[in-house]
Amino acid sequence: MVVVEFVVSFFLILGAFFALTGSIGLYRMTDFFSRLHGPTKSTTLGVGGMALASAVYFSFQGNGISLHEVLITLFLFITAPVSAHFMAKAARHQRMHENKAALPPGCEKKTGPHV
Amino acid sequence: MLTIAVIIAFALITMAQVLNLHRLFTGPSLPDRILALDNMYIDAIALFILVGIHFSTTAYFEAALMIAVMGFISTVATSKYLTRGDILE
Amino acid sequence: MEILVAASVGAMVACGVYLILRARTFPVVIGLTLISFGVNIFLFATGRLHTNLPAIITPEQTLYADPLPQALVLTAIVIGFAMIAFVVVLALRANGDLHTDHVDGQPDDGRQKGGS
Amino acid sequence: MTLALIPLLPLLGAFIPCLFHNRNLNAASAGVIAGLSLLLLLIQAPAVFTGDMPIYIRSWIPAMGLTFAFRVSGFGFLFALLVLGIGLLIVVYARYYIAKEDPMGRFYTYLLFFMGSMLGIVLSENLLLLMVFWELTSISSFLLIGFWRYRADARQGAFMALVITGGGGFAMLAGFLLLGHIVGSFELTDILASRQIVQAHPLYPVTLVLILAGAFTKSAQFPFQFWLPHAMAAPTPVSAYLHSATMVKAGVFLLALMVPVLGGSTLWFTIVTAVGLITLVFAAYMAMFKDDLKGLLAYSTVSHLGLITLLLGLGTPLAVFAAVFHIFNHAAFKAGLFLLAGIIDHETGTRDIQRLSGLKKAMPVTAFLTLIGCGAMAGVPLFNGFLSKEMFLAETLAPGLTGAWSWILPAGAVLAAIFAVAYSIRMLLGVFWGNPAEDLPGSPHEPPVGMTLSPAFLMAVCVLVGIFPAFFAGPLVNAGAEAILGPDMPDFHMAVWHGFNMALVLSMVALAGGVIFYRQRQKLFDIHVWCSRNLDGKTLFESLVSHMIRSSRRVTGCMENGSFQRYAALLIGSALVLGASPFFSDNAPFLGPVPLTTLDPVTLVMGLILISAAVATAVFHRNRILSIIMLSTVGLVVSLAFSRFSAPDLALTQISVELVTIILMMMALHMLPRITPKDSSSCRKWRDIVLSMLAGGGAAAVMLAVLTRPFDTISDFFLARSVPGGGGSNVVNVILVDFRGFDTLGEITVLVIAGLVIYALLHNFEITGPRTDALGYPWSRDRFPIILVNITRPLLPLTLLFSVYIFLRGHNDPGGGFIAGLITATVLILQYIASGIVWTRPRFHFDNHVIMALGLILALVTGVGSWVAGYPFLTSTFTYVSLPLVGKFEIASAMAFDLGVYLAVVGSVLLVLVKLGTLNSTDAQTVSPTFLRKKAIQKEGH
Amino acid sequence: MPKKPFLSHGRWLPHPLMTLMLIIIWLLLVNTLSFGHIILGTLLGAAIPWFTNRFWPERPWIARPVLLFRFFFGIFLRDILVANLNVVRLILQPDISQLQPGFIAVPLDITDQMVICILASVISLTPGTVSAEVTLDRRVLIVHGLDIPDEKAAVQAIKTRYEVPLKEIFSC
Amino acid sequence: MNHLVAAPLLLPLLIGAWLVLGVDRPMAQLRALSLAGCLALTLITGVLLFQSITGPVQVYVLGNWSPPFGIVLVLDRLSAMMVFMTALLGFFSLVYAVHGTDLAGKNFHALFQFQLLGINGAFLTGDIFNLFVFFEIMLLASYGLMLHGGGGPRIRAGMHYALLNLVGSSIFLVGVGILYSLLGTLNMADLSVRIIQAPEDSAALIRAGGLVLFAVFALKAALLPVYFWLPAAYGSTSAPVAALFAVMTKVGVYVIFRVFFLIFGDHGGAGANLLAPWLLPAALFTLAAGAAGVLSARDLRRITACLVIVSVGTLLAVAGTFEQDTIAAAIVYLPHTTFMTGGMFLVADMIAQQRPDAGGKLVPDQPVQQQTLLGLLFMGTAVAIAGLPPLSGFFAKMMMLMHVQDSAGSVWIWTFILFSGFFGLIALGRAGSIIFWKTLPVKHADPIKDAGTQPDRLPVFGPVYVLPAAALLVISPLLVIFGQPMAQFADTVAAQLVEPVLYIEAVLGHERAALLFAQTGGL
Ligand code: NA
Ligand code: NA
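Protein chains in written order, with the numbering used here: chain A, 1 to 115; chain B, 1 to 89; chain C, 1 to 116; chain D, 1 to 942; chain E, 1 to 172; chain F, 1 to 523.
Same shape as in the complex, but just chain A (with noise of 0.2 Å):
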């Protein structure tokens, strides 16, 4: 039961610790892009793996095996990306990119940002 817990333990604190990355990077980054990163990797990756820290809990609460906070894992995953992809894209429709960087070649030749 120790390990178990221990596991958990550290599960938890591992993914609330990258969650609260995600934030910090939120937080410290100085141009929305950059900001992008820390929410979409680490706070997604921090809060499925507590999922996964609560299915390994629950499944040893003495009620048989508990997988289904990994469906939340999945989903996370599933759809995390999709949100980071449209908040970038109404990003870039303002324009928000083009005094930070530079754009990339392939885009130069198309009229505006919605390439």
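Since the hints were derived computationally from the structure, they do not count as laboratory data.
Just so it is clear, the structure is predicted and the values come from calculations on it, not from any experiment.
Yeah, the Cβ is synthetic: ideal placement off N, Cα and C, and Gly gets one too.
Heads up, some of the hints might be wrong.
Stretch by stretch, here's where chain B covers chain D in the computed footprint (C-beta under 8 Å, at least three residues) [claimed, not checked]:
1. 146 to 156
2. 742 to 755
3. 766 to 773
4. 796 to 808
Given the structure of chain A, go ahead and fit chains B, C, D, E and F with the ligands onto it with the hints provided.
Using the frame of chain A, we list chains B, C, D, E and F with the ligands on its own:
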């Protein structure tokens, strides 16, 4: 041990939420705020999970799953509002 | 805990009321939504605040949170949703028909003298 | 019953003349009805003259002391006779008077209506019944005065009469109610016998004033006299009938009726006498200057009514006797004079004394009759008017008033008599004597015999009574006076000659004075014009009415200024004031005894996030999309709060509802201004801030007060019965679908209605959003980004599975039909968002109306199903079924109900959002769904 | 000559892969392996794809499931973990001004939209990159990198590490 | 259990759902269904009214969960009268509406049925939260009906109406929440028992909860200072809807009666006589404001709308004395004023339709086509409303004045009622005189210039069109002729209302009600 771990996790997530809130309020752009809100949603999942472990109940699993499944819809809708105006066209 | 909940209800109601008193339909709708959040929490809390006592009958649990206000709030949320949907659309329709989103359907604010 | 028929015949038969299109039939039917009624009245005559008082009583509304009761007192008989007798004459006269173009049937209808009402007044035994008829005369006279609706003066006159007499009626109603209250009965017999009780009662003065107000308005007493002359815009028969003989006499009838119970007090004496005197003199004075014949007669009428009022005010037996006598006399001569004036008008086309002149050659009969009438009006001996007037003069000399004021009554009386003589002479000489007028609109000649008949009859009465009063009027007047006076009846013998006395002297003075006045009339006219420019009652009335309208418009406009902000502030303010009021008088501590629970840091931080997000929603409200984002933050934290405090179902519901709400709001926002302009002054803003602080503070305070109080609830029952009785362990869900399933049925009905209303609102509605985004960039050309399209499509089955899961487990765990429905609807909406309406609609081609209606019907049918088992609506049932291999599972009727909820939610949410989405999408809107489906299938084929 | 799909689809089972997934998810959701739920899950797994078939006309098929397996666990999960540690380091480093964020344009060889999406998602979930835009002609994927000292190398890394395996797995 | 008690709710719900289902069916079918439903509802409620007069208070225990746990419907005489009134008025409004009003927009008939459902629910429910639900049904349907057909003024007025009522709904929930949080129950009968046992220190809170509810009910009933939504809303919506709405303010009045007699009546407890200091002044000011509105209105519809306010003010001023006999008088007045104002909306609409230029505005125009018919209808209704004999208004008013005589504030009530009647008389007299008498010369159609346009522009109403207004008017003399039975009935209604023991006994059984006996010292 687990109790302490949960408390630490709570503290970390709460701090994360505060940082999210900061970004939500300061922006400066709308995508920034949407991003902050989106992150708050995801961190809310963490809170549901922690509450579940803390109280040793599965009652909040559905809420967590619900956000994971559907939370992105509002982000998508808001982003589409910004890029297309017309969300449902 | 109780103070925090009370303060939250108060904040939502206060901000909601402030928004309701704006001159345009949209802030009013937002205000109504905010108020309904606050009122839902209020109604919910009439069953008192319980930690970790969800009203799902299990053999282990003997104490439960008051389920009745929860049911009421559920109903209130749904009804509130229907109402908000309606006013949102009404605001839209008013904007289309009256060519203004002023709550009084008056484009200019020349009549403000009555109130301010 | 015959007694009740006297007023009822004309009332109920009033519509009959209207049925004919033949003028003779109009008149004849009216005449027959009036005649029948008269016959019924005369049947009562023997009893009345022997001092009996036939009464007919039928219970009507005992709860309010209203009986259907009539009586024929001597006084009532006299009046009824006048009403019916003169009424019949008017019927005959009007047949010739009313022009072909005018709707004669309607005229007679109104006339009979009035006749019945008037009879009702004079024959009622119940005071409330009397009141009914009283107001009916107001209505019927309104219709009669306004008969020539196309004439402005008729309309104004009618309106004025209605307002004054109707308003007076309200006062009288109040007075009657008080009187009945004091006496304890509304039967006249009881009331008339209760003089002591009434006059000793503290409410007596109020009662008296209210009843007098009613009587004075009806009888056009000062200061209400002005409506009567303007009522002369009515057809002349109406003037003759209503405004001289009958209706205006209703006031004095009432005064006389009330003498036994209300009269005799100083108050009565003071008010009634004073009003009578002023009216008498003032109206007589005014009559002298009227060029319009009917105007002259109208003022004369007012004056004579004043005379009668004055007599009743004096209240001595002889005075009352004189009053009754004068009522009779005045009715006869004045009605006759009006009819004659009508003839003159009818034949010459004008009633202007200035223009009329020397008609006696062309209209000798008319002239002769007018002579009689004027004689009677002036109080010339041998005409009936002389008799009662002399009695009047005698009474004014009686020691009614003492001291310094004793001279005023005789002086006023004589003055009025002088005026009366003067205007009578003017009427007679001005019209008939002098050189024949030449420029008259019509060519004067005698009218048809039928028209002369009625005035001739009346003038004959004047003369006959004037010469043989005891024979022709004696019994009638005696009976009338006796009915009022009872044992006080004076032993008075009517005769032309009472010897040489003071009254006779005064009569003579009046006659002589009148002649002199008439001679000197030009000087008087000058003075009059100089001093009476602003004395016009009509102008006063109209300015009063328009002032009332204007000021009420001001008041209304001031309160009801059309500003929602004000209305909302008032509503919220009212709730605050009401809610706060109990605490001002309450000594108990505001907070209860229950200790506060400890606060953990996480909850604290989340609470602070909630509060700051709420504040941000308000602070950023002008940037609308930002405000929505803040709002959805609040929603998220609220959902967390629900889970924090043991409400998983609520957390789920809150999240899903929140999601749909945000989508909806943004869809609408696209077609609304993005920024809220600055509308409010800072003053207004501060007012709002204060009000919202109070509201929020109030809510918070009450919340806190509530949370610190002990609690005892019926919920234990739900917790105990949920599993055994409701078959589910999620108590919240069991409450929703079972214990309080009716609420839920109502709730989904609300959703369905919202769908319907929104659909109706958006039907045939077009609006376009802006062409660029908020920063001025053109919209992205990527309508349906492939990432979204391709992720959402496989996501659909997954999420539907999730919603099935949420649905099925709802009864035992958090979830249920509502949330499942919202998930289904949302993921379907997501398809619309991702792939567009054109693509999606044909793939989900159920009519959303039908889905939600089916949901509602399913829920309803489930509820009704319990009738089969003999239980009330919505009684649930459940059973456990065991299947081999599958195991034991539960089947509950609540599931069917919840399925109904599910369908209703899916249908209504889709209906609303899709309809809203198609608003701005031209291709989806203009093309029919079937076409879209074809097109999409074609595309698929490629 | 199209390759044989991993699981063939028919009229009654339009998306067999999805059916399988639904059954698994159902059992995960209900958290039991009881026979009743397996039946129910199978019923749902069959019914829902049938019901939503019209919404998902595309029939993605996996040419090389083994490769998918390898890609998922060998590259994807590993990268996620490593990349995250990397991102954590980048975020938490004291001086973030040293970062060189920027956009890169990844020319796409894949044409299947679904696979483009998967690629985009994978990119977003892995090292310091977020796919920000697919051009309207679906030929170029624009990616934002948190720290891209060398654009060309980054483009190349993405193409070789993710695009090529995906192209093989889905054979497009 | 008598299932008929639930019928006034289930029938419109079923018909409404059915109408939604057949949304694309031909209008004739929808109309037939809607009318049939309304007719059936009228008959059923008629039977219920009869049962309530002859029998005891009936309780319908929904879901078979005995009160106070489940929701109950309670049919006492007052609620029976109200549902019957609603059905009757609804039927006639609907008959009027099928002449074209229902074509002006979508979903009219379904909304109409749901409106009836909401109103009936508010009358029948014995549960305070369920009352909220029915309020919302009623309001949402009313928003739809009010806005039906659209147009600027309607939208503008509807916006205010809807927004204010939404604020009201939130306040309602706060009120319910306060009561529940202290008394722990939602059943109104149970509340009235529990309030007796409530601890001393909660009294102020309970009273605050009750008064907050009053603010909401005042909004529905249109009392000062929260009535301002009404004139514009009723004045701008379609006629049959306005006619039906004549009963909506009465829902507010009814609920004030119900809640503040049953729960906060004078039978002791923390909330005793809660409304006593508030109702009368509010009602009197409403009365005055309504009368001022009547006088200041510029068109007939608005006059009628303000008359609705007057009628509410009158009702509540009289009821504000809280005595059985005055309540009885108010209950006699209630159907009268509802039907007459409802009828007046229809008459006003018919008049407006036949006036080519002015419509309902009080300015001269060509004479209406059907002078006699419309004139008679107008005059009859006006006479009834202004409180002139021989129609019901006079008797109702007389009865009210008579019965408030001994109550506190009677002088004010008398003054206000009499003056408001006077104002009504002036306004209606003026209106009638302008509309029917002060006519402009008829513009004769120029056969060349207006070929084909002029003749069919103004409608001529057939008997069925006129029937609703006429039928409503006929109710007035009937109320007079059967004045005594009506008065007796009203007295029994008032008795049930003022002495709610029978109600409580019917809902909670003798034992619980006995608590009330104990408190009041036996009855
Ligand atoms: Na659209
Ligand atoms: Na990512």
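Hints, verified against the model:
1. 146 to 156: violated (count 0)
2. 742 to 755: This one is violated; 0 residues, fewer than the three required, reach chain B with a Cβ under 8 Å.
3. 766 to 773: Check passed, 3 qualifying residues.
4. 796 to 808: Our answer is that it holds, as 4 residues pass the Cβ test (under 8 Å) against chain B, meeting three.
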